[in-house]
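When you get a sec, could you build the whole thing from the sequences and use the hints?
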Amino acid sequence: MLREPLFQFLVLGTALFGLFHLVDKKKAEAPERIVISSARIANLADGFARTWQRPPGREELQGLVDDYIRDEVFYREGRAAGLDRDDVIIRRRVRQKMEFFAEDASTPDPTEDQLAAYLQSNPERFKTEYHLTFRQVFLSATRRADTIDRDSKQVATALAGADAAVDTTTLGDPFLLGEEFKAVSQHEMAGVFGDGFAKRLSVMEPGRWQGPISSSFGRHFVYVSERIPGSLPPLDAVREAVRREWSNARRLEAEQKLYASLRQRYEIVVETPPSKSAQVETSR
Amino acid sequence: MKMQILQRTSCAALVTASLTLPVFAAEQDVNTDIGTLDQQTAEKAFPAKPPYSPYAGRNFPTRPFFGDTHTHTSFSMDAGAFGARLGPKDAYRFAKGEEVVASSGQRAKLSRPLDFLVVTDHSDGMGFFPQLMSADPTLLATPQGRKWYDEINSGKGAQAAIDIITSFGKGQLPKGFPTPGTPAYRSAWRETIKAAEEANDPGRFTAFIGYEWTSNAGGNNLHRNVIWRDNGAKASLVEPFTTQPPLGSPNPRDLWKWMAMCEEKTGAEILALAHNGNLSNGRMFPIVESFTGKRIDREYAENRTRWEPLYEATQIKGDGETHPFLSPNDEFANFERWDKGNLDLTELKKPEMLEFEYVRSALKNGLKMEAELGVNPYKFGLVGSTDAHTGLAAVEEDNFFGKTSSSEPSAERATHPFVKTDKAVIMGWEQTASGYAAVWATENTREAIFDAMKRRETYATTGPRMIVRFFGGWDFEASDAANRMPAKIGYTKGVPMGGDLSNAPNGKSPTFLVAALKDPIGANLDRIQVIKGWLGNDGQTQERIYDVAVSGDRKIGADGRSKTPVGNTVDVANATWTNTIGAGEMITVWKDPDFDPALRAFYYVRVIEIPTPRWTAYDAKYFGVAMPKEAPMTTTERAYTSPIWYTP
Chain A
1 MLREPLFQFL
11 VLGTALFGLF
21 HLVDKKKAEA
31 PERIVISSAR
41 IANLADGFAR
51 TWQRPPGREE
61 LQGLVDDYIR
71 DEVFYREGRA
81 AGLDRDDVII
91 RRRVRQKMEF
101 FAEDASTPDP
111 TEDQLAAYLQ
121 SNPERFKTEY
131 HLTFRQVFLS
141 ATRRADTIDR
151 DSKQVATALA
161 GADAAVDTTT
171 LGDPFLLGEE
181 FKAVSQHEMA
191 GVFGDGFAKR
201 LSVMEPGRWQ
211 GPISSSFGRH
221 FVYVSERIPG
231 SLPPLDAVRE
241 AVRREWSNAR
251 RLEAEQKLYA
261 SLRQRYEIVV
271 ETPPSKSAQV
281 ETSR
Chain B
1 MKMQILQRTS
11 CAALVTASLT
21 LPVFAAEQDV
31 NTDIGTLDQQ
41 TAEKAFPAKP
51 PYSPYAGRNF
61 PTRPFFGDTH
71 THTSFSMDAG
81 AFGARLGPKD
91 AYRFAKGEEV
101 VASSGQRAKL
111 SRPLDFLVVT
121 DHSDGMGFFP
131 QLMSADPTLL
141 ATPQGRKWYD
151 EINSGKGAQA
161 AIDIITSFGK
171 GQLPKGFPTP
181 GTPAYRSAWR
191 ETIKAAEEAN
201 DPGRFTAFIG
211 YEWTSNAGGN
221 NLHRNVIWRD
231 NGAKASLVEP
241 FTTQPPLGSP
251 NPRDLWKWMA
261 MCEEKTGAEI
271 LALAHNGNLS
281 NGRMFPIVES
291 FTGKRIDREY
301 AENRTRWEPL
311 YEATQIKGDG
321 ETHPFLSPND
331 EFANFERWDK
341 GNLDLTELKK
351 PEMLEFEYVR
361 SALKNGLKME
371 AELGVNPYKF
381 GLVGSTDAHT
391 GLAAVEEDNF
401 FGKTSSSEPS
411 AERATHPFVK
421 TDKAVIMGWE
431 QTASGYAAVW
441 ATENTREAIF
451 DAMKRRETYA
461 TTGPRMIVRF
471 FGGWDFEASD
481 AANRMPAKIG
491 YTKGVPMGGD
501 LSNAPNGKSP
511 TFLVAALKDP
521 IGANLDRIQV
531 IKGWLGNDGQ
541 TQERIYDVAV
551 SGDRKIGADG
561 RSKTPVGNTV
571 DVANATWTNT
581 IGAGEMITVW
591 KDPDFDPALR
601 AFYYVRVIEI
611 PTPRWTAYDA
621 KYFGVAMPKE
631 APMTTTERAY
641 TSPIWYTP
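Residue numbers (our numbering), protein chains in the order written: chain A, 1 to 284; chain B, 1 to 648.
Check the hints yourself; a few may be wrong.
Claimed, not checked - Heads up, simulated DSBU-like pairs for lysine-lysine below, C-alpha to C-alpha not over 30 Å straight-line:
#1 Lys89(B) with Lys127(A)
#2 Lys127(A) with Lys368(B)
#3 Lys265(B) with Lys182(A)
#4 Lys97(A) with Lys96(B)
#5 Lys508(B) with Lys591(B)
#6 Lys182(A) with Lys96(B)
#7 Lys147(B) with Lys97(A)
#8 Lys194(B) with Lys97(A)
#9 Lys591(B) with Lys555(B)
#10 Lys96(B) with Lys127(A)
#11 Lys340(B) with Lys350(B)
#12 Lys89(B) with Lys97(A)
#13 Lys340(B) with Lys420(B)
#14 Lys89(B) with Lys265(B)
#15 Lys350(B) with Lys96(B)
#16 Lys454(B) with Lys368(B)
#17 Lys199(A) with Lys96(B)
#18 Lys234(B) with Lys96(B)
#19 Lys199(A) with Lys127(A)
#20 Lys555(B) with Lys97(A)
#21 Lys127(A) with Lys109(B)
#22 Lys420(B) with Lys265(B)
#23 Lys257(A) with Lys368(B)
#24 Lys182(A) with Lys488(B)
#25 Lys454(B) with Lys488(B)
#26 Lys629(B) with Lys454(B)
Calculated directly from the structure, the hints in this document are not laboratory data. Since this is a predicted model, take the numbers as computed values, not measurements.
Okay, structure coming up:
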């Protein structure tokens with residue numbers, strides 16, 4: 001198709017026509033002018049100052065202006081020559097700008113009611129994790145490779161009926177991160193001891209020694225002294241997070257709406273490509 | 001004498017703790033009579049009768065935070081060219097443990113969240129790809145721009161990307177690149193800051209603001225990541241420093257000037273960390289500066305050590321601890337080495353370059369330069385990071401999303417060339433699934449993690465989250481290894497990793513409390529080693545490796561080594577292993593048997609895991625493909641701590 005003489009002729013003709021038209025119009029308006037306004041110069045100097053934390057010197061400013069003019073000349077000529085058409089990157093960029101536009105347009109400040117409603121209808125996003133305070137007696141699988149089952153039974157006996165005040169310094173082995181853990185969340189526990197341990201611990205009742213729980217380090221006997229349940233915080237405590245999530249939801253919605261409304265204006269025809277692939281690309 | 005020393009070490013521990021703890025602020029102010037003050041302070045912090053609450057007075061870091069100081073997104077020009085579509089927001093979401101769709105269309109999720117992340121897009125051309133030609137059709141008027149444009153449009157994006165990186169390395173970028181001050185650039189930087197501000201969640205997840213200054217003079221890697229302690233209000237007062245003149249410069253001295261200016265003018269606090277000396281062809285840790293051909297001077301040393309407290313020792317483009325050529329007696333030195341040439345393979349490697357590229361030799365040369373200049377330019381701590389250009393900080397062997405979007409999991413990624421020039425080729429399988437940064441901070445906030453980085457209380461891992469403790473002092477005893485609160489005894493009697501020892505008491509040698517705990521979902525540990533470097537009386541630097549703890553019944557000989565390997569349980573075909581060898585935890589007290597109080601020295605810890613399947617084995621199994629026979633199928637993951645320095 002691209003090699004068809006008629007096509008080439010048409011393209012050339014259209015281009016020439018367009019060019020004459022453009023030049024004509026320009027002639028009627030004014031000679032080509034590039035005006036570097038004082039606002040623009042201030043803007044360029046500002047950019048320099050942002051990097052260097054000082055205003056540009058005379059030569060530096062001249063360099064910036066020269067460069068800007070060069071940009072502008074090529075930019076205009078390039079566009080006039082149609083270099084921006086059929087360009088995947090430019091198309092994507094323009095689409096992105098449209099989406100940003102939708103984003104900007106979609107984010108007025110939410111009202112109190114809107115935020116409160118969003119918090120109530122999406123509690124799982126804002127709920128705080130529960131936290132546990134606990135002590136442990138640790139039996140190291142490394143140190144007690146062959147005796148861990150027996151030792152574990154002995155420790156269980158020693159701790160049966162014991163309370164928080166029991167002296168555990170002679171029981172078990174040292175653990176690198178210590179024996180007491182204060183107000184740790186489930187995800188912190190999982191990070192240190194592994195997921196399985198954190199899950200087991202999460203269902204333990206406070207107030208007595210329990211275990212052993214296995215981890216990849218060995219066995220752990222645990223005394224949970226305090227369990228701070230997770231809760232849905234009041235709006236005041238999570239306002240920023242709710243605002244962020246609300247805005248994000250609105251942005252996605254606005255983008256989708258904008259797209260839907262714009263797409264409505266088009267009749268979309270998708271041809272089946274004549275290749276061996278039977279798959280039809282869906283237009284998006 | 002002994003009492004004084006005890007007081008001194010307690011004091012060091014307290015000062016460390018007080019950095020983040022207002023409770024000690026009052027005591028810290030009184031600084032005239034060291035002896036008396038220490039006594040009081042020590043008694044307040046660790047009184048004879050412990051307070052009712054066992055947690056009161058516990059101000060030292062109790063667990064390390066794991067993160068990545070180095071992730072690129074589509075805002076980086078090369079990442080964009082390679083097909084990255086995820087931006088900074090997605091990168092933070094992924095690091096927090098959320099599932100995202102990778103640029104290749106696959107679903108991706110971490111095994112567990114990271115604690116912090118720094119999105120570090122290249123400052124040069126930040127936002128280049130998203131903004132490229134719409135902002136600047138001039139690009140198309142250049143032969144280069146035209147060529148890239150055609151390549152990308154005809155599906156050869158990867159080729160274009162390599163060309164972009166190569167041109168960048170040679171300083172041959174066309175006009176029209178987004179530079180600071182242009183609206184396109186400003187908007188990319190604002191988006192970067194905004195993403196960090198939104199993702200930052202003090203106490204749960206830290207999102208740092210940062211960027212990468214990608215100095216690549218002649219294709220030689222001198223890259224640095226810059227990180228803010230502060231929030232967006234301060235970071236948005238400046239725009240990142242670039243490497244292309246006239247606004248930027250490829251010389252690190254100019255970056256340091258810019259950092260000084262940034263701190264002075266905006267009141268922010270920032271730091272920089274370099275990476276990939278292995279691709280710098282002898283320029284990362286110079287004795288003779290490549291920009292001037294002159295020996296580095298005191299000003300260089302002062303600035304480098306002031307602005308660059310950390311170094312990224314391991315990442316996807318290879319591991320940088322040491323090299324077999326430099327450390328011929330180190331049987332673990334030949335690990336994930338990228339030593340064919342510089343970053344873009346336009347210049348091949350020569351053995352004499354290696355000394356100025358690797359961590360261990362740099363630490364050694366640092367001692368030498370300190371003797372000469374009075375300041376150690378290479379007094380840095382260690383972290384690992386990914387340098388992923390996918391927005392995905394995913395470097396576990398069984399969950400490795402590669403360096404670029406084109407090397408996300410696929411049947412072909414291992415056998416595709418990663419970089420190829422007429423001089424050499426680096427294959428896809430040579431990518432290293434590594435690493436992360438572990439930071440001993442008092443809490444998970446920008447301020448606490450940044451402060452811990454500044455005091456170098458950090459270590460590098462090649463991916464697993466093993467926990468490593470390392471304290472140095474003069475009075476650790478064997479029984480301290482059995483203490484129920486290792487951290488407390490460590491901070492009481494010594495300084496943590498990244499710290500300093502001096503004033504050796506008469507007849508004493510430094511002692512170290514060293515401990516490691518395996519990753520809770522990872523492999524057992526083979527051994528813990530202390531690596532010592534020192535400057536001899538003859539002005540020559542030396543190094544020596546000591547095995548200080550080994551698993552099982554193996555013995556450590558009189559030479560301080562255990563030459564018996566731990567064994568290997570890896571089933572390569574099924575990409576599995578078992579923890580039937582190695583140890584889950586190790587703790588010991590080690591005393592330097594060859595200490596000379598007159599000689600400068602450093603000590604750092606290397607923890608080695610038992611062999612496990614390398615990512616290539618997981619790929620081979622999942623995709624049912626055969627790997628090239630030269631591709632390693634097992635690996636030994638490891639951690640490197642920041643050193644503790646001894647200065648006479």
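To see whether the hints hold, each was checked on the structure:
Distance hint between Lys89(B) and Lys127(A) is fulfilled; the C-alpha atoms sit about 22 Å from each other, no more than 30 Å. Our distance criterion of 30 Å between C-alpha atoms is broken by Lys127(A) and Lys368(B), whose separation comes to about 55 Å. Restraint check for Lys265(B) and Lys182(A): not satisfied, since their Cα atoms lie roughly 41 Å apart, outside the 30 Å limit. For the hint pairing Lys97(A) with Lys96(B), the CA-to-CA distance comes to about 28 Å; that is within 30 Å, so the pair holds.
In summary, the hint linking Lys508(B) to Lys591(B) is supported, as the alpha carbons are separated by about 10 Å, within the 30 Å threshold. Only pairs whose Cα atoms come within 30 Å are accepted, and Lys182(A) paired with Lys96(B) is accepted, the gap being roughly 23 Å. The straight-line distance between the Cα atoms of Lys147(B) and Lys97(A) is roughly 25 Å, inside the 30 Å bound, and the hint therefore holds. Simply put, Lys194(B) and Lys97(A) have alpha-carbon atoms about 17 Å apart, close enough for the 30 Å limit, and the pair holds.
With a C-alpha separation of about 17 Å, the suggested pairing of Lys591(B) with Lys555(B) holds against the 30 Å cut-off. Of the supplied pair hints, the one linking Lys96(B) and Lys127(A) holds, its CA atoms being roughly 16 Å apart against a limit of 30 Å. Straight-line distance between C-alpha atoms of Lys340(B) and Lys350(B) comes to about 9 Å, which keeps the hinted pair within the 30 Å bound. Distance restraint check for Lys89(B) and Lys97(A): the Cα-Cα separation of roughly 17 Å lies within the 30 Å cut-off, and the hinted pair is therefore satisfied.
Under the criterion of a C-alpha separation no larger than 30 Å, the hint pairing Lys340(B) with Lys420(B) is consistent with the structure, at around 11 Å. Distance check on the hinted pair: Lys89(B) and Lys265(B) sit about 28 Å apart at the alpha-carbon level, within 30 Å; holds. The straight-line distance between the Cα atoms of Lys350(B) and Lys96(B) is roughly 42 Å, outside the 30 Å bound, and the hint therefore fails. Simply put, Lys454(B) and Lys368(B) have alpha-carbon atoms about 23 Å apart, close enough for the 30 Å limit, and the pair holds.
Restraint check: the Cα-Cα separation between Lys199(A) and Lys96(B) comes to about 20 Å, which is no more than 30 Å; the hinted pair holds. Taken as a hint, the Lys234(B) and Lys96(B) pair is honoured in the structure, with Cα atoms around 24 Å apart against an allowance of 30 Å. A threshold of 30 Å between alpha carbons decides the hint, and for Lys199(A) with Lys127(A) the separation of about 18 Å falls inside it, so the pair holds. The suggested pairing of Lys555(B) with Lys97(A) is violated, with an alpha-carbon distance near 66 Å, which exceeds 30 Å.
For the given pair, Lys127(A) sits about 22 Å from Lys109(B) by alpha-carbon distance, which is consistent with the 30 Å threshold. Annotation: proposed proximity of Lys420(B) to Lys265(B) is violated, straight-line Cα distance about 44 Å (limit 30 Å). About 66 Å separates the Cα atoms of Lys257(A) and Lys368(B), which puts this hinted pair outside 30 Å; it is violated. Under the criterion of a C-alpha separation no larger than 30 Å, the hint pairing Lys182(A) with Lys488(B) is consistent with the structure, at around 16 Å.
At most 30 Å may separate the alpha-carbon atoms for a hinted pair to count; Lys454(B) and Lys488(B) meet this at roughly 22 Å. For the given pair, Lys629(B) sits about 43 Å from Lys454(B) by alpha-carbon distance, which is inconsistent with the 30 Å threshold.
In summary, the structure is inconsistent with hints 2, 3, 15, 20, 22, 23 and 26 from the numbered list given earlier, while agreeing with the others.
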